[in-house]
Amino acid sequence: MQNGGASSDQNGSISSVPRDTSRPLTEEELDRYSRQMIVPGMGKEAQLRLINAKVLIIGAGGLGCPAAQYIAGAGIGTIGIVDGDTVERSNLHRQVGHSTSRIGQSKVSSLITHLRGLNPLPTYVAHTTHITPLNAADLISQYDLILDCTDNPATRYLISDVCVLLCKPLVSAASVQTSGQIIVLNCPPTPQGQLDGGPYPPCYRCCFKKPPPANAQLSCGEAGILGPVVGLMGVAQAGEAIKILASALHIPTTTTTTSPPAQGVPRAPVVEPTLLLYSYSLTSFLSPFTFRALKMAPRKKNCFACGEGSKQRLTLEGVKNGEPNYEFFCGLGGGGPEKGVLSEEERITPREFVESVQGKDGNGKGKKYVVLDTREKEHFSFGSIEGAVNLPFGKLLSKAAQFKRSGETPKVGDILPPEIKVHDGDGDEDIPIYVVCRRGLDSQEAVEKLKEMGLDKGGSRKIVDIAGGMKAWKEQVDPSFPYL
Amino acid sequence: MSDQKDQTIDITVDFSGGLEILFSNQKHHALSVPAQDAQGKPANVGFLINYLCQTLMTDPRADLFVLGGELRPGILCLINDSDWELEEEDAYVLQPGDNILFISTLHGG
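From first to last, the protein sequence lines stand for chains A and X.
full-length UniProt numbering numbers the first residue of the first sequence as 1 and each following residue consecutively.
full-length UniProt numbering numbers the first residue of the second sequence as 1 and each following residue consecutively.
None of these hints come from the bench; they were simulated from the model.
Where is the CB? At the ideal position from N, CA and C, for every residue including glycine.
No incorrect hints appear here.
So these bits of chain X aren't anywhere near chain A, every CB distance computed over 12 Å:
hint: 1; residue: Q36
hint: 2; residue: Q39
hint: 3; residue: G46
hint: 4; residue: L94
hint: 5; residue: D98
Just the calculated beta-carbon pair ranges, DEER-fashion:
hint: 6; chain 1: X; residue 1: C53; chain 2: A; residue 2: T132; range: 37 to 45 Å
hint: 7; chain 1: X; residue 1: S82; chain 2: A; residue 2: E344; range: 50 to 58 Å
hint: 8; chain 1: X; residue 1: E70; chain 2: A; residue 2: D430; range: 40 to 48 Å
hint: 9; chain 1: A; residue 1: S406; chain 2: X; residue 2: H29; range: 18 to 26 Å
hint: 10; chain 1: X; residue 1: Q26; chain 2: A; residue 2: L484; range: 24 to 32 Å
hint: 11; chain 1: A; residue 1: K474; chain 2: X; residue 2: L67; range: 31 to 39 Å
hint: 12; chain 1: X; residue 1: Q26; chain 2: A; residue 2: P417; range: 16 to 24 Å
hint: 13; chain 1: X; residue 1: S82; chain 2: A; residue 2: K301; range: 14 to 22 Å
hint: 14; chain 1: X; residue 1: N99; chain 2: A; residue 2: R23; range: 46 to 54 Å
hint: 15; chain 1: X; residue 1: G68; chain 2: A; residue 2: G459; range: 30 to 38 Å
hint: 16; chain 1: A; residue 1: T409; chain 2: X; residue 2: Q54; range: 18 to 26 Å
Next up, chain X with everything else stripped away, as it sits in the complex (with noise of 0.2 Å):
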């Protein structure tokens, strides 16, 4: 119970469709992120969004990504390969080795 507050999950999280440009370019990133948020609550999706920004993203074009405190329409998160509405959605807690990949969705052609 003590140390938990600094116990960290590895997770891969993804980038694809153009939303890598404001994450250094890189579309593949291997992360330790925090076990818990804030009030002691196991880590979710959403929580993983809010610290992607605050300590992945190098563009400052946030609102690409967050829009009114949610995630921009036009971009989909799958957790490990499913459309994460088939999780559920930003209360997904995460768990070692998942990959979350967001994309944006695309329309030209």
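Excised from the complex, chain A in its bound form (with noise of 0.2 Å):
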């Protein structure tokens, strides 16, 4: 299928452009991509560029497999799909490419399952493996446009590093919750420190120069996803993808090397860089959703990766060589203060808590200490310690803020729900109060900020971590208790 003038390039791989866009279509071509050749724009030319075409997509997840369903049904020739981790059931819910038979297997092979009933035509290429700085360049080097579906900044700074140091243009996705972003990245590709004559395509470090601190990164797993969100990014990732390749946007502008531009094809115009922003509200069904095309700078001229004299600080040579450290950029190096800030005396693990704190005074009448558990209320909903009343943590620290600022001491009242009746001063001794969030770090700074607000009482109230969280509440003392 790969007929047609391939070539090598400097980096000794296979470069797949261009490749000859004149053979007649098969009879089964024709058929299958029938509706989509007759959009205005595309037509056979555009058609064989997609079948001759090689595409990369690293994470075969959230948006990996609705991106990919959509490259594999347009035909697209070559689909390689990077991916170290196994199908797990709570990713059905929006790593759509998998199936519930396949749980446990490897992502790489399950979604390519998937897309073969899809699309037989097409060659797919397993890379059952994380991409890696050992890796990168090898795996990005085959192919003639990389999309990243990762779901981490460090593999988002290594990737578009390469793709900057191998000229491939990118087309960059992320999202979490209810908002998602996408961005075609290094488009027409340009290479690294090219400046004259620009405005020229900027890379993902153009566009986003620093990491938020690693206390800001939200993660799926650990801030959730919708469905719907990650898809749509997922496929509008594949729908920039067709774009660039039915329109020979993924050929490199005249370089600086020898080699003429192809012939037939037509100098690429540049793109004007835009982030797409898609967001919407669960609770406000008024405002269902926003999308918004925003307007985003060309290449920078002091950029890292791509800008004035970068050739001398990024080269592929040392990403292999660990240089730059994308995990210790990104916050991830490891040395960061692991919270431990509470003495012994502050802390008690569930078992303990079952045993010492709800066998003794936990059946009696009236309340004898309070579980104040401090996870948003959506994973609250699902349950928790008896008794347990929920104020989240951000509201917690609102509080806190508010009477440092008015200087007052708040009472236990002030703080807690107002359905715990414990008000000082109305005959009840101190009871003590636990705190229980969803991992065990959260809770150790509300016990701090408790003391810190006086509810302590100079000592003579017990308030106490429970340690680990409702993780360890599974772990030690309910194997059913719904943790997510």
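Put the complex together from the two separate chains, hints included.
Written out as structure tokens, the structure reads:
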């Protein structure tokens, strides 16, 4: 199928462009692709560009599944898929290229099974591995266009850097909760460091110079994700990929090398860098969603990866040797201070709590202690420790800040939800407060905040962290607890 | 000249990508902000960022919005749907009717 002018480029890999766009289509191709080929702007040549193209989809998850379906459906000739994970049941609400019967299989083979059913014509290439600084260049160099469907900032910077170095266009998308973003980068692909005669398209670093600090990075596993939100972004990635390939925008602009522009290929116009932002609110049906097309700046002169002097800073050799260090850059160096701020007396394990607190005090009349659950109300809605009251961590912090500003010392009733009737000074003794969260970090901070506000009354009221949160509760006390 | 100090500019401010949790979980805000800063200079985006921290932010985790006196890394500011780098970044002087959008860059997928 890969007939025609494959040639070797300076990286020694098989360059896929230009390839023959003059052969007749087979009867099956004519039939299968007929509806998209008659769309204005498509036609036979564009379809053959798709058939001749090689696309690498990095990540076979919530973005990669829908993207791959439309990439395969459209007849992209060679489709590589990179992922090192296996299919889990909690993937399936959004990763619609997998199936219940393939739980436990590698995501790559599962998705390829699905895509073969959709369209047997493309060549599917399985890369059953995570992308790393060591293998990134080998993977990316074999393809014409890259889709970043990954789920963490370190990988996103790595992919973009290698795409700059290998002169590949990149379609990057991301999503969490009810928001999604997509942007086309380095397209048309422009050699690293080229600035004269610009503006040239930006890379990921031009747009997102620095990653957020680790505590502000939300993952789908931690923060949640709605299937259609990430799905829309994946579908949009496929749409951009098809547009780029059909109109030959993936072919590098006139380069500093000696190779003349390929014959018959129109000089690619400069793409206006646009960040598409999709967002909606689950709680406001009056404004169901917003799509915003945001105008971004072109390639930056001072960009680390593609700007002035970047050839000295960023090389394929360097990336392979751990320079730059992507994990460190994204604050995942492992050197972060593990929170262990509380003393022994301020902590109790779930098992101890059940044995020495619930067992002793829990069955009397009247409350002898309060359990404060600081998870978000969605988590709390699935259950908690018996009698627990919910005060999400953010709200607790807000209240604490309010009191700090006003200089007042709050009473327990000012902080805890109103259903708790443990007002100070009504004859009640200082009943202890046990704080629990999801995994045992927020709760420690909450204990500190409550003490800061004076709720421990100089030590006469115990405020204790249930160590390890509801995760540990499930492990130690109640294996059937619906921990999410 | 006399009353300039009390003048305000009507603008809209949007938060997206999770930043809204710092601002009473509301994505869209219609605001009347002072037309001048404390030194009597026309209010710019840098002034607005401070003003938002002081008046609109309900969550005390200000470091999720501003870090080291600057917009936290990983937040884009868009002025009327254009990256603020295409304008004058935080020196951009607010105009009536402006829309300022703050988005947190996403990484999930």
